[in-house]
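Participant: Chain by chain, the residues run as shown.
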Amino acid sequence: MNELTSNEPIGSKDGIDVVSGLPVYPLGHHEPRRADIDPRAAKRAERQVALMFAVSALSIVGAIIAYIKVPNTTLIYVPPFGPVNANHLSVGLLFGLGIFLIGTGAIHWAKKLMPDVEVSEERHTYTSSPEDKAAFGQVIREGKEASGFGEYKLIRRTLLGAMALFPLPLIVFLRDLGPMPGTKLRETIWEKDVALVTDATYRKIRPEDIPVGGLVNAVPANLLAVEEEEGNLNQRGKASIILVRIDPANIVSQQGEGWDYQGILAYSKICTHVGCPISLYQQRTHHLLCPCHQSTFDLSDSGNVVFGPAARRMPQLPITVDAEGYLVAQSDFHEPIGPSFWERG
Amino acid sequence: MAISRRHPAALFAVLFVALGTTGAAYAAVSTGTAPQAAATSSTQVDEGKQLFLEGCSSCHGVAAQGSSDGPSLIGVGAAAVDFQVGSGRMPLAGPAIQAVDKPPVYTEEEIASLAAYVASLGAGPAIPSDEMVDTSNADLVLGGELFRTNCSQCHNVAGRGGALSNGRWAPNLMAADPKEIYEAMITGPQNMPVFSDKTITPEEKKDIIRYIEELQKSENPGGADLGRFGPVTEGVFIFIVGLGILIVISVWIGAKAR
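Residue numbers (the numbering used here), protein chains in the order written: chain R, 1 to 345; chain D, 1 to 258.
None of these hints come from the bench; they were simulated from the model.
Misleading hints may appear alongside valid ones.
[As the list claims (entries may be wrong)] Lysine-lysine pairs mimicking DSS-like chemistry, simulated, CA-CA at most 25 Å apart:
1) R:K111 - D:K256
2) R:K43 - D:K256
3) D:K198 - R:K204
Chain D with its partners taken away, still in its complex shape:
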């Protein structure tokens, strides 16, 4: 008769460690902040120019004309600045395939000044007003249809983001606020395409934002959502946890009684 070399509880212990690690991986949740839109004035443009020369011109050029390190900002509009700097993507921490959102480096006033300066260089999309992102009367059903048609291919049907080519990715929308989403649609940050106001009207943009808000609010009555990535994470989970439990039970059934 073979003598058991392990403590009978060892397999349970291994299983619980595996479960705990899996659980911890879903624990991190972060929230983003975005500054308020502000009125443009000539002093604001001057302040913005100053900030631009100090913080941005090394890559975007002293006249925002662009360089080998960064694109031209002429005509990108205030919305692009508010999105990129407000979400912390700009200034870049270092050369990378894609800018990462992080706590903003500039204050809300400074971002408004930068936006005013860049907007003064050439016509571009303006920062959406609070009224433009007020989704209280938006059409959730149409928003869902438009989201699945235009957004879900990259941002995932549940808005959790996804992989693109060469290490790029479409970000998770769970912490995105309505203004950020609106700005992203009209400016097309990084590799995201522009969804113009003619092909997706401002009203329809509200509908899409309403749908994303609904996704952000949605509970998981079934328990862990496993990232809402679908069969891959669910398969890995049941493969490790489910098979683990089956192995433990099989070992117990097969062990010789004393």
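Next up, chain R with everything else stripped away, as it sits in the complex:
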């Protein structure tokens, strides 16, 4: 038994903090642990902690051996996880056990053997002493006298003017944060007579290739050349469309007169909510569903929103066929595709 097992908090005497002279918060009744009063229990706890550290050391060595020796092509069946790579499993378990036992050993040590008396420490006052405050005020006053800040009016005013102006260039520099978006948000690379081609295989599409109920993920024919030139996928992100064919009798409305071709409708693939690419097209209901936030658009009715957080309809691309009978665009989209932005209006 040592002095720390007494019921008096550290640093106090008779309920008074020896440094601050303030009364200490009274502590509850302290029950000594078995290891505090029984040397055999203390010895046992010591052995337990030492065992954890020793097993940890063995596990770490074992992890290194497992990394070298266990083949990483063998799969072991571990319920409920299924087949697991033997190398990953053994290295992970041994290394994890090694770290875990260092932690448990330290906690067991602290709980069983380190002093367990409650300690309360009083905070000291945070204000500066009156002497320090007076000295600080003196320095400021002497500085003002010595510099003559109150005396030289012209200097004081010109200094204030200079200080007021110096942040102005920082506002001008804001312009360097990047070129203005210009028409980027309003235009895509679709234009008159650009052919529609299948995404990933880049073949031109004839109207008869799309049956009623059919869906084609398409991009503009000039996309690959533009991607090559710009070195990024931005234009793909804006110009991707889906083509669906709906029995003309079932088309309630579309965004412009004659924008379809015999019931083939082209709509942007980019959700007007936050811009997820969507082609979850349900051919029976003609609904286009966005998997991100469940916005649903009715492609048989101008792409209007029928459910979800999207605020605007899905933009439609006017299409027709060229002289060779391939589907081409009549023009670019007539409204900005994708999510709303500040200046969109």
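Following the hints, put chain D in place on chain R, whose structure we already have.
Facilitator: Chain D alone, transformed into the frame defined by chain R:
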């Protein structure tokens, strides 16, 4: 000093029960069967008509012209019949937002007869031959690209299916056989759109099927795949199991030693 009201092992017990329940949820695996394609003959058409009148006409009409309970089958082709009846989706068990795949009600011969009858009503996609779904020389890389472009939006990037609107869903492809996948692409069952042979050629359809076969075969060297749904199930798993373990350890650290 607060006295512990629970047995120290109680939290571990709760954790293991939670782990066990989670594991059991991933245990169910089912396999589908599909019948073989058969040659058409006039007796087969007659048999098919008979079967149709008995089993299908109440919804699809006595001449397969359709009714308020079921669509017209004229021109849907043999492939649609083979897919719908072969996967057990038809006949419907009852009115529902979407037909569920279940063990087929008809035998392979009966399905072939039904398909022959419906095919005789009007031209439509035929049942793909074994050669058409032979993926041994297919292009896996192109198949993956086409799958991610055309299929993954509904069937999930790992082919595990996903939710659609109003309680509909895109089915899991893990048990789909090549013929079923091919038939689904050319017929557009239920709300699935049709992917015609012109926009996705028969060769490219093989590539897609090859990719799906690769997904079906893929192992999970990292352990449980948690449905391959991505961050949602993984997040729920670590939230319950990971936080559970942390709580148990915190309780142990905070418990007063005796």
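Participant: If a hint holds in the structure, say so; if it does not, say that too.
Facilitator: Verification of the supplied hints:
no. : hint            : in the structure
1   : R:K111 - D:K256 : holds, 7 Å
2   : R:K43 - D:K256  : holds, 19 Å
3   : D:K198 - R:K204 : holds, 10 Å
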